[in-house]
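Can you build the whole structure from these sequences, using the hints too?
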Amino acid sequence: MPLPAPRFHDDARAGQLYLERVAEVSQEAHRYAAEHRVRPAREDKVRIAAFGIDAQVAFCTPGASLFVPGAVEDTQRTLRWLYAHLDRLTGLVFSLDTHRAFQIFHPAWWKDAEGRPPAPMTVITAKDVREGRWRATRHPEESLAYCEGLEASGRYVLTIWPYHALLGGQSHALVPAMYEASLFHALVRDTPTHFELKGEHPLTENYSVMAPEVTEVKGQRVGEFNARLMEHLMTFDRVYVFGQASSHCVLSTLRDLQQYLERTDRSKLQRIHILEDAMSPVPAPPLQPLPPGLDFPRVAKEALEGFRAAGMRVVRTTDPMAP
Numbered sequence: 022m023p024l025p026a027p028r029f030h031d032d033a034r035a036g037q038l039y040l041e042r043v044a045e046v047s048q049e050a051h052r053y054a055a056e057h058r059v060r061p062a063r064e065d066k067v068r069i070a071a072f073g074i075d076a077q078v079a080f081c082t083p084g085a086s087l088f089v090p091g092a093v094e095d096t097q098r099t100l101r102w103l104y105a106h107l108d109r110l111t112g113l114v115f116s117l118d119t120h121r122a123f124q125i126f127h128p129a130w131w132k133d134a135e136g137r138p139p140a141p142m143t144v145i146t147a148k149d150v151r152e153g154r155w156r157a158t159r160h161p162e163e164s165l166a167y168c169e170g171l172e173a174s175g176r177y178v179l180t181i182w183p184y185h186a187l188l189g190g191q192s193h194a195l196v197p198a199m200y201e202a203s204l205f206h207a208l209v210r211d212t213p214t215h216f217e218l219k220g221e222h223p224l225t226e227n228y229s230v231m232a233p234e235v236t237e238v239k240g241q242r243v244g245e246f247n248a249r250l251m252e253h254l255m256t257f258d259r260v261y262v263f264g265q266a267s268s269h270c271v272l273s274t275l276r277d278l279q280q281y282l283e284r285t286d287r288s289k290l291q292r293i294h295i296l297e298d299a300m301s302p303v304p305a306p307p308l309q310p311l312p313p314g315l316d317f318p319r320v321a322k323e324a325l326e327g328f329r330a331a332g333m334r335v336v337r338t339t340d341p342m343a344p
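Numbering (the numbering used here), first residue to last: 22 to 344.
The set of hints was computed from the structure by calculation and includes no laboratory data. There could be a bad hint or two in this list.
[As the list claims (entries may be wrong)] DSS-like cross-link-like pairs, simulated, lysine-lysine; straight-line CA separation at most 30 Å:
no.	residue 1	residue 2
1	Lys289	Lys132
2	Lys132	Lys148
3	Lys322	Lys289
[Unchecked claim] Have a look at the derived ranges for each label pair, beta carbon to beta carbon:
no.	residue 1	residue 2	range
4	Pro312	Leu38	43 to 49 Å
5	Pro90	Arg329	20 to 26 Å
6	Arg121	Gln37	24 to 30 Å
7	Arg176	Gln309	34 to 40 Å
8	Phe216	Gln309	17 to 23 Å
9	Pro341	Gly190	38 to 44 Å
10	Arg68	Glu245	54 to 60 Å
11	Thr236	Ser288	25 to 31 Å
12	Gln309	Pro344	28 to 34 Å
Where is the CB? At the ideal position from N, CA and C, for every residue including glycine.
Shown next as structure tokens:
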């Protein structure tokens, strides 16, 4: 039977900013574990992970610079699912998008001929840089090389994002209601939450927590595949994936998982369960005509079908959890 939500939980707080209630959560964890006889995670025969991609204020809280429409409802569904299956979730893993002001996808990195920074959602191509429409304020040769490398990958072109998930700021943190759930799980199941930071190198984007979009720029190593995290994820028999946004960071992470497992052990693809109602896409920018690669809802939908065809499981938070 699904477990009830803890006494402190309130669906309405999923999209709110507040100071996490550590004392209340810890007191409830002690009571809850005893009342429901929840065993420590180390005793699980079937090991199940919940893998949250960037469930942060930056993407999930209204008013944040990169709020994803639908994220509040996604968070509500995710929290109900987490609490209902708390006694079966062996471990929680969270990625944290982690940035600083001067990174290649932020406005401060670029200026036009008049010295003005690009507006958020501006697309900067290698051709734009070569022809001088946009100039890098630092590392100009490497910046051009990055744009060329990114376009050669066929995955994205450089998009300028609003300043977001800045290290030290509120938008970097997990949504408070999600953080309370992570603390509650840790105390009830007697196991630490795993946090994975991504995205700090200034010369590359890092949508995926598994690897940056470009790993080398003009002979400089700017990132590599996260083998340590992959090894950790594969200690679980099942990995349920949720978070934001389905068109970007979730999609890129799942794509890297797929490619790695197709190279190493295709049978493990079925371990990956995608909670499709616990993620939403970035809205498409208001461009006419809209380039196919910037139709983010379409990109997310097609990617989901591709993951399903590859052998990953696409499920919903309301589906019964298999034994």
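Sort out which numbered hints this structure fails and list those numbers smallest first.
Numbers 1, 4, 7, 8, 10, 12 - these are the hints that the structure violates, sorted from lowest upward.
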